Amino acid sequence: MDITAELPGRVMEVAVQAGQTVRKGDVLMALEVMKTRVEVRAARDGRVNHVAVKESDEVRMGTLLVRLAP
Amino acid sequence: MSAPALEVMEPGFLSTVQDLGRKGYFAAGIPPSGAFDRFALRVGNLLVGNPPGEAGIEMTLMGGRFRALRAAVIAITGADMGATLDGAPLPRWEAVPVRAGSELAFGVAQTGCRAYLCPAGGVDVPSVLGSKSTYLIGKIGGVRGRPLRAGDRLDVAPGARATAGHRLRPSLIPSYGSEVELRVLLGPQDDHVTQASVRTFLSAPYKVSSKADRVGYRFEGAEFQFRERAKAVEAGSDPSNIVDDGNAIGAIQIPGGKEAICMGPDGVSMGGYVKIACLIAADLERMAQAKPWDIARFRAVAHAEATAALRDSLARASEASLVK
Chain X
1 MDITAELPGR VMEVAVQAGQ TVRKGDVLMA LEVMKTRVEV RAARDGRVNH VAVKESDEVR
61 MGTLLVRLAP
Chain F
71 MSAPALEVME PGFLSTVQDL GRKGYFAAGI PPSGAFDRFA LRVGNLLVGN PPGEAGIEMT
131 LMGGRFRALR AAVIAITGAD MGATLDGAPL PRWEAVPVRA GSELAFGVAQ TGCRAYLCPA
191 GGVDVPSVLG SKSTYLIGKI GGVRGRPLRA GDRLDVAPGA RATAGHRLRP SLIPSYGSEV
251 ELRVLLGPQD DHVTQASVRT FLSAPYKVSS KADRVGYRFE GAEFQFRERA KAVEAGSDPS
311 NIVDDGNAIG AIQIPGGKEA ICMGPDGVSM GGYVKIACLI AADLERMAQA KPWDIARFRA
371 VAHAEATAAL RDSLARASEA SLVK
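So the protein lines, in turn, are chains X and F. The numbering used here numbers the first residue of the first sequence as 1 and each following residue consecutively. The numbering used here numbers the first residue of the second sequence as 71 and each following residue consecutively.
If you're looking for bench data, these hints aren't it; they were derived computationally from the structure. Treat the hints with care, since some could be wrong.
What the hints assert, rightly or not - Straight-line distance between alpha carbons at most 35 angstroms, and here's what the computed DSBU-like set of lysine-lysine pairs gives:
{"no.": "1", "chain 1": "X", "residue 1": "K35", "chain 2": "F", "residue 2": "K328"}
{"no.": "2", "chain 1": "F", "residue 1": "K281", "chain 2": "F", "residue 2": "K209"}
{"no.": "3", "chain 1": "F", "residue 1": "K328", "chain 2": "F", "residue 2": "K277"}
{"no.": "4", "chain 1": "F", "residue 1": "K93", "chain 2": "F", "residue 2": "K394"}
{"no.": "5", "chain 1": "X", "residue 1": "K24", "chain 2": "F", "residue 2": "K328"}
{"no.": "6", "chain 1": "F", "residue 1": "K277", "chain 2": "X", "residue 2": "K54"}
{"no.": "7", "chain 1": "X", "residue 1": "K35", "chain 2": "F", "residue 2": "K277"}
{"no.": "8", "chain 1": "F", "residue 1": "K209", "chain 2": "X", "residue 2": "K35"}
{"no.": "9", "chain 1": "F", "residue 1": "K328", "chain 2": "F", "residue 2": "K281"}
{"no.": "10", "chain 1": "F", "residue 1": "K93", "chain 2": "F", "residue 2": "K277"}
{"no.": "11", "chain 1": "F", "residue 1": "K281", "chain 2": "X", "residue 2": "K54"}
{"no.": "12", "chain 1": "F", "residue 1": "K281", "chain 2": "F", "residue 2": "K93"}
{"no.": "13", "chain 1": "X", "residue 1": "K35", "chain 2": "X", "residue 2": "K54"}
{"no.": "14", "chain 1": "X", "residue 1": "K35", "chain 2": "F", "residue 2": "K93"}
{"no.": "15", "chain 1": "X", "residue 1": "K35", "chain 2": "F", "residue 2": "K281"}
{"no.": "16", "chain 1": "F", "residue 1": "K328", "chain 2": "X", "residue 2": "K54"}
{"no.": "17", "chain 1": "X", "residue 1": "K54", "chain 2": "X", "residue 2": "K24"}
Remember, it's a predicted structure, so these values are computed and weren't measured experimentally.
Here chain X stands alone, though its shape is the one from the complex (with noise of 0.2 angstroms):
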């Protein structure tokens, strides 16, 4: 599954790493929009496939952020 953003920002941290179990609600990182933080959480439990971006990574709308896997 993948997580893409939701809203235009910048990376401020990313919270986990690939191979990293998560459950669903679990913070997967945080994107600085419009000055404000906004945290993007998992959609449901999973395992951290892949970390598409890093910290301070400029993403648009629909940027690939993170891929779970079941």
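Once you have looked at the hints, place chain F on chain X.
Using the frame of chain X, we list chain F on its own:
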């Protein structure tokens, strides 16, 4: 009598109550605030039979969900956030009836950045210093000086003159792209940078950064070169430092020469950085609809064009622009 008419189920990314702002306090450091896109708020109000300066809800980037607590007439203007009423698409720039119990939902802005929800009668919150507008940093106006939250119940005054079906003339509906031209008056300190830098500023693309909000919009692009000049010791060490002076809403500062920051409706009243130019008042509504990643190009105009553009914007936001 006002009565609760709208319940906030989800506030969206940033939703605030705004009218046309509080005038007369900027010298004391309190900015006007008010709708960032004044054209959209004015038209939204006129569509539902309100005076153009009534308070509505300004939603940013991603709108919220609202439940109508009683029957109402509303208009949605500005950015296209894919508004739906009980799941059915809702037209923008048109007065539409809403039944008690129905749900209004907004998503992510597809085009533009700020949408306005204007209920007939206007959102009724206490006036603070003559305005219902929310000023977030000062924590005044709107709903206790803060963004809307889930569970807020907003009072709406009776909208006696509301008639569903009024629309804005299609030719006057703004289209929001990912590139925007912003017209500016150069100065007051454009002579602090080289002529080459001024030319670059007026021709190169600038990207709206993720640090763009109601206080100021940051633009990333070509850096600015300063002319050699006698240093004012008291001004500071940054080549962009000047002895602090007053800002206008729309003033474009260039701290460090690294980026351009244009003051929005919640902008600060003073600054110690060179202001290369000032956005014309008529184009505040264009900047309001630019979102991070969009490209802006600045074009210098003369004062006469700036005032004509403002007159034109005000004329477009009038009863004569509506199809009834």
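Hints, verified against the model:
1. X/K35 - F/K328: Holds, at roughly 18 angstroms.
2. F/K281 - F/K209: Holds, because 20 angstroms separates the two Cα atoms, which is no more than 35 angstroms.
3. F/K328 - F/K277: holds (13 angstroms)
4. F/K93 - F/K394: Holds, because 32 angstroms separates the two Cα atoms, which is no more than 35 angstroms.
5. X/K24 - F/K328: Status violated; Cα separation ~41 angstroms.
6. F/K277 - X/K54: Holds - the C-alpha atoms of X/K54 and F/K277 are around 21 angstroms apart, at most 35 angstroms.
7. X/K35 - F/K277: Holds: X/K35 and F/K277 sit about 16 angstroms apart, inside 35 angstroms.
8. F/K209 - X/K35: Holds, because 17 angstroms separates the two Cα atoms, which is no more than 35 angstroms.
9. F/K328 - F/K281: holds (14 angstroms)
10. F/K93 - F/K277: holds (31 angstroms)
11. F/K281 - X/K54: holds (18 angstroms)
12. F/K281 - F/K93: holds (26 angstroms)
13. X/K35 - X/K54: holds (18 angstroms)
14. X/K35 - F/K93: holds (26 angstroms)
15. X/K35 - F/K281: holds (5 angstroms)
16. F/K328 - X/K54: holds (23 angstroms)
17. X/K54 - X/K24: Since the Cα atoms of X/K54 and X/K24 sit roughly 22 angstroms apart, the hinted pair holds (cutoff 35 angstroms).
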